[in-house]
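Protein chains in written order, with the numbering used here: chain A, 1447 to 1843; chain B, 32 to 211; chain C, 1081 to 1198.
A couple of the hints might just be wrong.
Simulated crosslink set (DMTMM-like; lysine to aspartate or glutamate; CA at most 25 Å straight-line) [as the list claims (entries may be wrong)]:
1) A:1771 / C:1196
2) C:1112 / A:1534
3) C:1112 / B:160
4) C:1192 / B:81
5) A:1789 / C:1165
6) C:1112 / A:1788
7) A:1789 / B:81
8) C:1166 / A:1574
9) C:1192 / A:1763
10) A:1771 / A:1676
11) A:1501 / A:1644
12) A:1501 / A:1468
13) C:1166 / B:174
14) C:1113 / A:1644
15) C:1118 / A:1763
16) C:1166 / A:1788
17) C:1113 / A:1534
18) A:1529 / B:81
19) C:1166 / B:158
20) A:1529 / A:1574
21) C:1166 / B:160
22) A:1789 / A:1644
23) A:1789 / C:1174
Pulled from the structure, derived: some chain B residues nowhere near chain A, Cβ distances all over 10 Å [stated by the list, open to error]:
24) 41
25) 46
26) 135
27) 144
28) 185
Covered, in the sense of this in silico footprint (three residues per stretch, anywhere, with C-beta under 8 Å from a C-beta of chain B), are these stretches of chain C [stated by the list, open to error]:
29) 1105–1112
30) 1138–1149
31) 1152–1161
If you are wondering where the hints come from, they were derived from the structure by calculation, not from laboratory data.
Beta carbons: idealized from backbone N, C-alpha and C, even for Gly.
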Amino acid sequence: MSDPFGQISQFLLDLLTGWGLEAGLAAFLLKLLGAAAMGMLALFSTFLFIWGERKLLARIQIRLGPNRAGPFGIFQTVADFAKLVTKELIVPSGADHFVFLLAPILVVMSAVAVWAVVPFAPRFIGTDINVAVLYIVAIGSIGILGIMLAGWSSNNKFALLGAFRAAAQLVSYEVPMVLTLLIPTMLAGSMGTVSIVEAQRQMPFLILAPIPALLFFISSLAENGRAPFDLLEAESEIATGFNVEYGGLMFGMFFVAEFLHAFTIGALTTTLFLGGWLGPGVDRYPILGVVYFFGKSLLVWFTIIWVRMSLPRIRIDQMLAFNWKLLTPLALAAVIVFAVADKLAPGGVLGRTLVLLAGNALLAVGTLAGLWVHARASRRAATPPVGSTPPMRVSPS
Amino acid sequence: MTAMQIVFLVIGAATLLGGVMVVVSRNLIHAALWLILSLAGVAALFVLLEAGLLAVVQVAVYIGAIAILIIFAVMLTRRVMADSGPAANPNWWAAALAALMIFAGLVVVFMQLPALGAAQAAPLAGDPEVLVEDLGRALVDVDRYVVPFEVASVLLLAALIGAVVVARPPEAPLPEEEGR
Amino acid sequence: MLQDWLFIGLLLPIAVLLPAVAIGLNWLLGPKKPNALKRSTYECGIETVGEAWVQFRAQYYIFALVFVIFDVEAVFLFPWAVAYDKLQLYMVLEGVLFILILAAGLVYAWRKGALEWV
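Work out the full structure: start from the sequences and follow the hints.
The following block contains the structure:
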């Protein structure tokens, strides 16, 4: 079984040409089949992800989670889907019908289309375009568009405010994400995801570039609208924001897109920093690549849920200050440090690793020093000046 | 008619339709959406020309940044669902005349291109992967495009400074202003 | 190479079609009994006052504008990053200069208070 995926696609191609179709049309149909399979697989696996997330959230909160619908509650999401599908589709009065219906479709499309460039195993990828990293950025920004249109088309003050804040947050956090994506590109010498995975054969980029990996993880969390950045949908803050007027399955679509995106972040982090499908024995048995890939992605996905359950929500001004005053300068500095360090690094895996780790340590120390200086300055600004009267004490009698 | 030609015609028609509807549409947000269709059509045309990098850059920058900026601006400066009035300007005939003249000039220039009579697209100068790398090298090569590269960054800096100066928040926030 | 893009060209319409079909299913299966109350705008249960309109604030726009600038910058840097392995040090430094110029712009925006969320 040296190349199972190539053999399967060759078998199917021969089958189709055997039925009398010419080769070009057969290849086209095969691609169509592959695309349809990928789209449906992405959407249906979201059922499992939603169930898994709810179970995990529950366990972290020391409760059971869904356990009625099917064994271990595994059909809970199906039941929710069935409920949502039978709800009435209400378009609020004064809303822009076409845009109102388009917005959830755009958001889901953005979540699904990223999967075209994710490599599951050697030679098992939707398509290996050579600009995959920029493609991921481009498709992500279409999701932002969908959310803004959702908020605008609802003819609702809260939805509009939610859309503005959502746009400000998502657009701001895209900057450090795009900048940190430069670093795997630099280290691998290519924007194609397969090349990036192959370049990690000697050392996963997580070891070479822990700070950019962390930056990418944080900004992806913010792009997804996950806690601690989930101000976009905070019920207590802005009446659930941009999707307040959406009911039924359209609301379900936003939900599906968010949970699918969470796993997509896991898949992307795995591909870019953890070595994708690489692992012991994967060249002889390519099917192991799928196992390694999903194992690593599930690990990152678990971390995302863990972070969600552990951290409180941060305010919009804190969030934006965090992005523009910490993450973006750090991302710029990281690109500069990596560009210079990798050129100066000696060849050979160990030397390069040490030099790049030193560069990372420099960034970390610099950031911590900057934060310490800032904290000290704001502490000084907050303490009352010497010689002022102390606050009055109220005696218990 | 090969499949490529049919695909090209469909994409070209969609792009043109988007362009026309941008001008004709009464609702500004709808006009912005038609613009997005037009830009997406251009990205698809880049793909047909085997310029993958330009296609994703088109989507990422034009649709993902500039169209969002335009929609943002429209959302902020217009009453939300209101009509924007008739889209026609009394001097539309002058604009149409100018557009026709430019179109005629472009057609005359294109007719003189030697490759126009070719039945097939000209092959790329190299493998797409190598082309992107070559572009990267060209951008920093002293003999090629390093000066425009750095000037572009200065231009972006000027844009950033200009934006900050023009839209600077008021020096002292008004006491009763909404916190949102 | 076009074959690669063909997959994306097929996946995008499918990715649009699947949620559209799901929403269509919802429209088919759901009851259709619209009344004025259901279709009214939700404002935490109270009657709405005035149109759905939000005060113009340039702050919202500035973030999008700064994002555009950094997006274009990143797009310039991607080919440089792809060619990185084959570049010499001075070429890398030219790219670093590009980044530094824009970092200076970010510092300017920061100092002028353009990055605050008022």
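Against the structure, the hints:
no.	hint	verdict
1	A:1771 / C:1196	holds, 10 Å
2	C:1112 / A:1534	holds, 6 Å
3	C:1112 / B:160	violated, 54 Å
4	C:1192 / B:81	violated, 43 Å
5	A:1789 / C:1165	holds, 8 Å
6	C:1112 / A:1788	violated, 63 Å
7	A:1789 / B:81	violated, 32 Å
8	C:1166 / A:1574	holds, 22 Å
9	C:1192 / A:1763	holds, 16 Å
10	A:1771 / A:1676	holds, 20 Å
11	A:1501 / A:1644	violated, 35 Å
12	A:1501 / A:1468	violated, 49 Å
13	C:1166 / B:174	holds, 16 Å
14	C:1113 / A:1644	violated, 57 Å
15	C:1118 / A:1763	violated, 35 Å
16	C:1166 / A:1788	holds, 12 Å
17	C:1113 / A:1534	holds, 8 Å
18	A:1529 / B:81	violated, 46 Å
19	C:1166 / B:158	holds, 17 Å
20	A:1529 / A:1574	violated, 39 Å
21	C:1166 / B:160	holds, 14 Å
22	A:1789 / A:1644	holds, 20 Å
23	A:1789 / C:1174	holds, 13 Å
24	41	holds, 16 Å
25	46	holds, 17 Å
26	135	holds, 35 Å
27	144	holds, 27 Å
28	185	holds, 17 Å
29	1105–1112	violated (count 0)
30	1138–1149	holds (count 11)
31	1152–1161	holds (count 8)
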